[in-house]
Amino acid sequence: MLMIGHRGAMGCAPENTLLSIHKAIELGADWVEIDVHCVADKLLVIHDETVDRTTNGRGKLIDYSFEELRALDAGLGQRIPTLQEVLEVTVGKVGLNIELKGLGTGKVLTSLLRNTPETYKNKMLVSSFLMPELEQVVRLNQHVKIGVLAGNNINESIAWATKLKAFSIHLRLQKVTPKWVDRAHDLGLKVYVYTVNKVVQIRRMKELGVDGVFSDYPNRLTS
Numbered sequence: 001m002l003m004i005g006h007r008g009a010m011g012c013a014p015e016n017t018l019l020s021i022h023k024a025i026e027l028g029a030d031w032v033e034i035d036v037h038c039v040a041d042k043l044l045v046i047h048d049e050t051v052d053r054t055t056n057g058r059g060k061l062i063d064y065s066f067e068e069l070r071a072l073d074a075g076l077g078q079r080i081p082t083l084q085e086v087l088e089v090t091v092g093k094v095g096l097n098i099e100l101k102g103l104g105t106g107k108v109l110t111s112l113l114r115n116t117p118e119t120y121k122n123k124m125l126v127s128s129f130l131m132p133e134l135e136q137v138v139r140l141n142q143h144v145k146i147g148v149l150a151g152n153n154i155n156e157s158i159a160w161a162t163k164l165k166a167f168s169i170h171l172r173l174q175k176v177t178p179k180w181v182d183r184a185h186d187l188g189l190k191v192y193v194y195t196v197n198k199v200v201q202i203r204r205m206k207e208l209g210v211d212g213v214f215s216d217y218p219n220r221l222t223s
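Numbering (this note's numbering), first residue to last: 1 to 223.
Hints are all accurate, no fakes.
Derived pair list, reagent style PhoX-like, types lysine-lysine, alpha-carbon separation capped at 25 Å: (1) K190 - K93; (2) K145 - K107; (3) K60 - K107; (4) K206 - K123; (5) K175 - K206; (6) K175 - K163; (7) K145 - K165; (8) K175 - K165; (9) K190 - K165; (10) K123 - K93; (11) K175 - K145; (12) K163 - K121; (13) K198 - K175; (14) K107 - K123.
By construction, these hints were calculated from the structure, which means they are not laboratory data.
Can you build the whole structure from these sequences, using the hints too?
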């Protein structure tokens, strides 16, 4: 079962920062998950549409220029990284799950990948709750692995995963049952579960045969 560091290792360092990603690698994560928004046709690694929760700034991303966002403190003196910076940190060390958080991210990502060496793409997964963004990625680059993030309607998410020929489906911890795991596996989908922080929960997911878990504490799989 894969251990996927959630937003790096957000239980141990400021989320979605290079420090958090380095920490996840140090703690033995197999993969790292990050979130991206599109700002001025570039992809910045940040979860929210606003900067209030994760930086020393206030307001919406769209109210800032790219340079202004890069000048903010994302915690412990860290800056909001670009996707390119994250690629350079993770290549050859750990798999990378890029979650598309905003409109237009799919098109910008595929454009970036067009000029990205294959070594960066060998262990890469693109996921989202936003099906139009995933459709855009599939339309422009059929070689990228796709992960469908499932909310409350798992049947609908499985239908989308089938339509997009996805690699994986990502289930909320509270929704995981043997039935859903078996159904996804029968369709050839990997099952990744978010967000799993307690050791007892991690063990339960392993018993159910899920393929990976997202955790704020990547070292807990071996605890």
